[in-house]
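Trainee: The opening position of the sequence shown corresponds to residue 1 in the UniProt record's numbering, with each subsequent residue numbered one higher.
These aren't lab readings, by the way, just hints derived from the structure by calculation.
Check the hints yourself; a few may be wrong.
Below, in silico cross-link-like pairs of lysine to aspartate or glutamate (EDC-like), each with a Cα-Cα straight-line distance of 16 angstroms or less [to be verified]:
| no. | residue 1 | residue 2 |
| --- | --- | --- |
| 1 | Lys157 | Asp168 |
| 2 | Lys74 | Asp101 |
| 3 | Lys92 | Glu9 |
| 4 | Lys74 | Glu12 |
| 5 | Lys92 | Asp76 |
| 6 | Lys157 | Asp177 |
| 7 | Lys6 | Glu75 |
Label-pair ranges, simulated between beta-carbon atoms [unchecked claim]:
| no. | residue 1 | residue 2 | range |
| --- | --- | --- | --- |
| 8 | Gly125 | Cys29 | 36 to 44 angstroms |
| 9 | Arg147 | Arg52 | 19 to 27 angstroms |
| 10 | Asp137 | Lys53 | 27 to 35 angstroms |
| 11 | Glu77 | Arg52 | 16 to 24 angstroms |
| 12 | Gly149 | Gly125 | 26 to 34 angstroms |
| 13 | Gln46 | Gly125 | 36 to 44 angstroms |
| 14 | Ile175 | Glu49 | 37 to 45 angstroms |
All values reported here derive from a predicted model rather than from experimental measurement.
Glycine included, each C-beta is placed from N, C-alpha and C at the ideal position.
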Amino acid sequence: MTETIKVSESLELHAVAENHVTPLYQLICKNKTWLQQSLNWPQFVQSEEDTRKTVQGNVMLHQRGYAKMFMIFKEDELIGVISFNRIEPLNKTVEIGYWLDESHQGQGIISQALQALIHHYAQSGELRRFVIKCRVDNPQSNQVALRNGFILEGCLKQAEFLNDAYDDVNLYARIIDS
């Protein structure tokens, strides 16, 4: 049974699975130009097979607890991804990543998904420190962090290479002791 986290009446998070390959590939293709403004990996998605390999790797990481990748569904339609890109079990720390179909932005969906995911894992005691790193010039992602109780801990200078330039990255964290 696939891990599912209910966010609201219309939103659910489903742990990454093989049956997500085709809709995920289609969603990436639909949003590729937009995604490449903020993320490096979309340029490497050239085929559905590329997506299949990535999904298979993420299923393994999810099962082993090294990372967690969830598909965001709104009324049974795949609209985005939220993930724990790297989990440090000893420190109970995780780095969070997310992206959403451009047409579904501005509706608070990422914030709702983020709150549900944090609540689920903090309540279980598995994790306590949640980290978001985002480029300084990505105002939407910075606002997601701030709106959801994350504190700016610092700015990492020239920490991310994207579109032939090194960009500064803000580091936000939220600590929840259960």
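Trainee: Hint by hint, note whether the structure agrees.
Mentor: Status of each hint after checking the structure:
{"no.": "1", "hint": "Lys157 <-> Asp168", "in the structure": "5 angstroms, holds"}
{"no.": "2", "hint": "Lys74 <-> Asp101", "in the structure": "11 angstroms, holds"}
{"no.": "3", "hint": "Lys92 <-> Glu9", "in the structure": "30 angstroms, violated"}
{"no.": "4", "hint": "Lys74 <-> Glu12", "in the structure": "7 angstroms, holds"}
{"no.": "5", "hint": "Lys92 <-> Asp76", "in the structure": "32 angstroms, violated"}
{"no.": "6", "hint": "Lys157 <-> Asp177", "in the structure": "30 angstroms, violated"}
{"no.": "7", "hint": "Lys6 <-> Glu75", "in the structure": "11 angstroms, holds"}
{"no.": "8", "hint": "Gly125 <-> Cys29: 36 to 44 angstroms", "in the structure": "39 angstroms, holds"}
{"no.": "9", "hint": "Arg147 <-> Arg52: 19 to 27 angstroms", "in the structure": "34 angstroms, violated"}
{"no.": "10", "hint": "Asp137 <-> Lys53: 27 to 35 angstroms", "in the structure": "31 angstroms, holds"}
{"no.": "11", "hint": "Glu77 <-> Arg52: 16 to 24 angstroms", "in the structure": "20 angstroms, holds"}
{"no.": "12", "hint": "Gly149 <-> Gly125: 26 to 34 angstroms", "in the structure": "19 angstroms, violated"}
{"no.": "13", "hint": "Gln46 <-> Gly125: 36 to 44 angstroms", "in the structure": "41 angstroms, holds"}
{"no.": "14", "hint": "Ile175 <-> Glu49: 37 to 45 angstroms", "in the structure": "40 angstroms, holds"}
Checked against the numbered hints given earlier, the structure breaks hints 3, 5, 6, 9, 12 and satisfies all the rest.
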